[in-house]
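Chemist: Below, each chain spelled out in residue letters.
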Amino acid sequence: MADFANKTAIAGIGATEFSKNSGRSELRLAVEATLTALADAGIDPSEVDGMSSFTMDNNSEQEIFRAIGGRDLKFFTRIPQGGGGTCGPLQQAAMAISTGVANIVVCYRAMNERSEYRFGTPMSGLPPTSDNVVFAYHGFAGLMTPAAMIGMMMRRYMHETGATSRDFANYSVVARKHAATNPNAFFYGKPITVEDHQASRMIADPLRLLDCCQESDGGVAVVVVSAERARALRQKPVLIRAAAQGSPAGTLGLASFYRADISPRDECAAAARQLYETARMTPKDIQVAILYDHFGPTVLTSLEGYGFCARGEAKDFIKGGNIEVDGTLPVNTHGGQLGEAYIHGMNGVAEAVRQLRGQAVNQVAGVHNVLVSAGSGVPTSAAILGIDG
Amino acid sequence: MAYGGDAGGEAVAGRGHNAPCSNRDFDFFYRGLEAEQLLIQKCGGCGALRSLPTPACAECRSFDWQAVPVSGEGRIHSFVIHHYPPLPGFETPHPIAVVDLAEGVRLVAAMDGTAPDDLQVGAPVTAEFLRRGDVAAYRFRLS
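Protein sequence lines, in the order shown, are assigned to chains A and B. Reading the first sequence from the start, the letters are residues 1 to 389 in the working numbering. Reading the second sequence from the start, the letters are residues 390 to 532 in the working numbering.
Chain B with its partners taken away, still in its complex shape (with noise of 0.2 Å):
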C-alpha cells in the first residue's frame, strides 16, 4: 500500500480515517491504523526516517516521500500521567509516553491500559491496535 505525498489529493470526506482533526500531511498515518498499520514518513529524496509529520525533509529539503511500516517496538523516553481533568475516552489515571522507536524516531503515544506504577524511563515497550469509537487508534503497553 502507497501513501504517497500526493495521495491526500482528494476531498476531506475520501481521507480513509475518522480522525477528526487531520489535513494532507496527517492523513496517511490516520489511514495507516485503519489498516492496523504504524506508518511514518520516508523521504524520496535522501531516505531518511522523520516522525510527527511534516511536507518536506528537513535533511535535504525534498517533498517525495513515503509511508513505510515501522515495528512498534521501542523504549519509553519520558512519560506523564494525566490525572485531571477527565478526558473523552480516556479512564483516569492514564499514562502518554514519548516512546523512542527501534528505528531511531520518535512517537507520542496512548499508554492507556498499563498501570501507571510500572512505567519508567528506558521501559521497553510494544505497539498495539485498538479503535476508540469509530476511530482506529494505537497505543503501546509494556513489552
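Pulled out of the complex, with its shape left as it was, chain A reads as follows (with noise of 0.2 Å):
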C-alpha cells in the first residue's frame, strides 16, 4: 500500500480556454496554464522546484520553467501511454513531495492537437520499436485508429453485456447535457438527444461520431504541494487520498485483444484495487466520478471497472440517472472530454478540484471525495481526491 495517502495537496489549478484553434503556440499553452495555476494556489513561480507531464506532450520542462522564470528545477518526470497517463504526474508528485525530493511540483498538459496536428488519426511509425511493431501488426489487419480499436472492444462488452449503441448514446447525452451549462464547454448551450447520437455517422461500427470526443487546442496545469503547506494556502487544499498506476496482465497500449477479457475494465480495476486500500475507502464513498471519456462507451466500462456498478449494469445504471448531477454518483459534471474539451484527461482533474472547492458551475451538494480515472483500454491511471470535514 502507497504511504503517501492525504500527504500532499492540489493548490492550485490552472487552464487556458478550450478551442479548435488557439491562436497560439503550444509552450504558451503550457506556460499561461501554469501561471495561472500557480497565482490560483498564491504561489510565485520561482518556488517551482517539480514538473510532471506526460511523455506525449510536446512543451519541455525547462522551456516552461525558463518562461515562468524558475530557479533551481530538481524533479522531472513524465508518463506514458498517452491519456492513460493523466493521474500518473499527481503520482509522481505526491511521491516526490512526500519523500522530499521536491516541494512545489507542476503538472501540465498543454497541446494544439486540433490546429496544428490531427489527433486520433491512423498510428503507424518507424522505426521499429517494441510499441511501433505491434501498432504495425494490427495497422496491416486495417487496424489503425484509437476509435477502431476501442470499437473493438467495446464490440465485445456489447456481446456479453447486451449492452446497445443507444446505451452509449445514454451516456453522450449526460455529457452534453452537463456541457450545455458550462461556459469553459466547447459544447456550452448545445446538448444532444439520443436520436441525435443515433443519427451521428458511423466511425467505427459500433462507435459513432457523438461517441468519439473533439480533438481540442487548450492547457491545463495544476499545482501540488505538501498537505501542510496547501493548508497555509488560499485555496480549500483538495488532498491526495490515492494514485495509482495500472496495467495487469494482458494491458497493452490500445490492443489487449489477448487477454480473456478484451473491454476496457480489467486496467480500471487494477487502478481501483490501488486505490481503495491507499485511501481506505470504497466506491461508496466516493461522491464525484470524472471518468475518462476518449470515447463515451468506456465509460459504461470504467463505472464497472472502478466498482461502482456490478459488472453488465452500467447500462441501467446510467439509464436510471444516476450519473446526472442530481443523480447518486454524478459523472463529468463538467460535460467530460465528449461534451468540455479533450486535454488528455487534465481538464477532468482540474474539474475535481472545482467540485471539491465547491466552485464547480454544475456543483453537486456534499461532495467530499472524486475519483478521477484516465485512458482506459491503454495501461492506466487514476486519483481520488478528497477535503478535509
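To be clear, the hints were calculated from the coordinates, so they are not data collected in a lab. Keep in mind that a hint or two might mislead.
FRET-style restraints, in silico, Cβ to Cβ [claimed, not checked]:
1) A260(A) / Q455(B): 21 to 27 Å
2) A504(B) / P80(A): 21 to 27 Å
3) E195(A) / N407(B): 46 to 52 Å
4) S532(B) / V101(A): 58 to 64 Å
5) Q455(B) / R24(A): 53 to 59 Å
6) E480(B) / D285(A): 50 to 56 Å
7) D285(A) / E517(B): 23 to 29 Å
8) K319(A) / G511(B): 23 to 29 Å
9) N407(B) / G321(A): 42 to 48 Å
10) P444(B) / R311(A): 32 to 38 Å
11) G320(A) / A491(B): 52 to 58 Å
12) G502(B) / D261(A): 27 to 33 Å
13) S451(B) / R273(A): 52 to 58 Å
14) S46(A) / P444(B): 47 to 53 Å
Only a predicted model underlies this, so the values are computations on that prediction, with no experimental measurement involved. Note that CB positions come from ideal geometry on N, CA and C, so glycine has one too.
Since each chain comes alone in its own frame, lean on the hints to assemble the complex.
Modeler: Here it is, written out as C-alpha cells:
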C-alpha cells in the first residue's frame, strides 16, 4: 500500500480556454496554464522545483521553467500511455513531495492537437520500437485508429452484456447536458438527444461520431504541494488521498486483444484496487466521478472497473439517471471530454478540484471525495481526491 | 521450414518480407505469409503456443521457440467495422476481427471482402492469403 495518502494536496489549478484553434503556441498554452495555476494557489513561480507531464506533451520542462522564471528545478518526470497517463503526474508529484525530493510540483498538459496536427489519426511509425511493431501488426489488418481499437473492445462488451448503441447514446446525452451549462465547454449551450446520437455517422462501428471526444486546443496545469503547505495557502486544500497506475497482465496500448476480457475494464479494476486500499475507502465513499471519455462507451466499463456497478450493469445505471448532477453518482459534471474538451483528462482533474472546493458550474452538494480516472484501453492511472471535514 | 528465434539475425534488407515495420521478433510471421503459411510461436521449453509475437515464453520464460503453422480455422471473438478515415489499401467500410483460433490462441486480422452485415460474434471463419501491393497478407472470411 502506498504511504503517501493525504500527505500532499492540489493547491492550484489553471487552464486556458478550450478551442479548435488557440492562435498561439503550445508552449504559450502550457505557460499560461502553469502561471494561472500558481496564481490560483498563491505560490510565486520561482518556488516551483518539480514538473511532471505526459511523454506525449510537446512542451519541455525546461522551456516552461525558463518562461515562468524558475530558479532550481530538481524533479522532472513524464508518464507514457497517452491519455492513460492523466493521474500519473499526480502520483509522481505525491511521491516526490512526500519523500522530500521536491516541494512544489506543476503537472501540466497543453496542446494544439486540433489546429497544428490531428489526433486519433491512423497510427504508424518507424523505427521498429516494441510499440510500433505491435501497431504495425494490427495496422496490417486495417486496425489503425484509436476509435477502431476501442470499437473492437466495446463490440465484445456489447455481446457479453447486452449493451447497445442506444446505451452508449445515453452517456453522450448526459455529457452534452452537463457541457450545455458549462460556459468553458466547447459544446456550451448545445445539448443533444438520443436521436441525434443515433443519427450521427459511424466512425468505427459500433462507435458513432457522437461517441467520440473532440480534438482540442488548450492547456491545463495543477500545482501539488505538501498538505501542510496547502493548509497555509489561499485555496481549500484538495488532498491526494490516493493515486495509482494500473496495467494488469495482458494489458497493451489499445491492443489488449489477447487477454480473457478484451473490454477496457481490467486496467480500471487494477487501479481501483490500489486506490481504495491506499485511501481506505470503498466506492460508496465517492460522491462524484470523473471518468475518462476519449470514447463515451468506455464510461460504462469504467463505472464497472472502479466498482460503482457490477459487471454488465452500467447501462442500466446510466439509464436510471444516476450519473446526472442530481443523481447518486454524478459523472463528468463538466461535460467530460465529449462535451468540454479533450485535454488528455487534465481538464477532468481540474473539474474534480472545483467540485471539492465548491466552485463548479454544475456543483454537486456535499462532495468530499472524487475519483478521477485516466484513459482506459491502455495502461492507465487514477486518483482519489478529497477534502478535510 | 524453420523460423527459430535466431532466424532474424540477418540484416533487415534480407529479412524475407516487405512488411513496413517489423523487427526480429515479428519477421517470422510476415515471412510465413510470403509462403502462404499462417505461423505462430511455439515455446521450445514448455510447448505453449503464443500469439502476438514476443521474445520469451510467459509460461516458462524460455527464449527458445519455433514458428509452427496453424489451421487458419477459428471463430470471431469480436469485430469492428472501420468507416472513417479511409485507410490506404482498404475500401471503407471494412471489418477487422479478433479471432479465436482452433488452436486456442487469438489473431487480429482483416476481414475486408466480407460484407459487414454478415458478421457476428461466434461465426466460424477461415484464413485466406492475398497480397496488398508488394506485401504478403492474409485475412479471414466466413467459413
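Chemist: Determine for every hint whether it applies to the structure shown.
Modeler: Hints, verified against the model:
1. A260(A) / Q455(B): 21 to 27 Å: holds, 26 Å
2. A504(B) / P80(A): 21 to 27 Å: violated, 39 Å
3. E195(A) / N407(B): 46 to 52 Å: For E195(A) and N407(B) the Cβ distance comes to about 47 Å; the hint holds.
4. S532(B) / V101(A): 58 to 64 Å: Given about 59 Å between the Cβ atoms, the range holds.
5. Q455(B) / R24(A): 53 to 59 Å: holds, 57 Å
6. E480(B) / D285(A): 50 to 56 Å: With a Cβ separation near 51 Å, E480(B) and D285(A) satisfy 50 to 56 Å, so the hint holds.
7. D285(A) / E517(B): 23 to 29 Å: violated, 54 Å
8. K319(A) / G511(B): 23 to 29 Å: holds, 27 Å
9. N407(B) / G321(A): 42 to 48 Å: Since N407(B) and G321(A) have Cβ atoms about 55 Å apart, the given range 42 to 48 Å is violated.
10. P444(B) / R311(A): 32 to 38 Å: The hint (32 to 38 Å, Cβ to Cβ) holds, given that P444(B) and R311(A) are roughly 34 Å apart.
11. G320(A) / A491(B): 52 to 58 Å: violated, 42 Å
12. G502(B) / D261(A): 27 to 33 Å: holds, 29 Å
13. S451(B) / R273(A): 52 to 58 Å: violated, 31 Å
14. S46(A) / P444(B): 47 to 53 Å: holds, 48 Å
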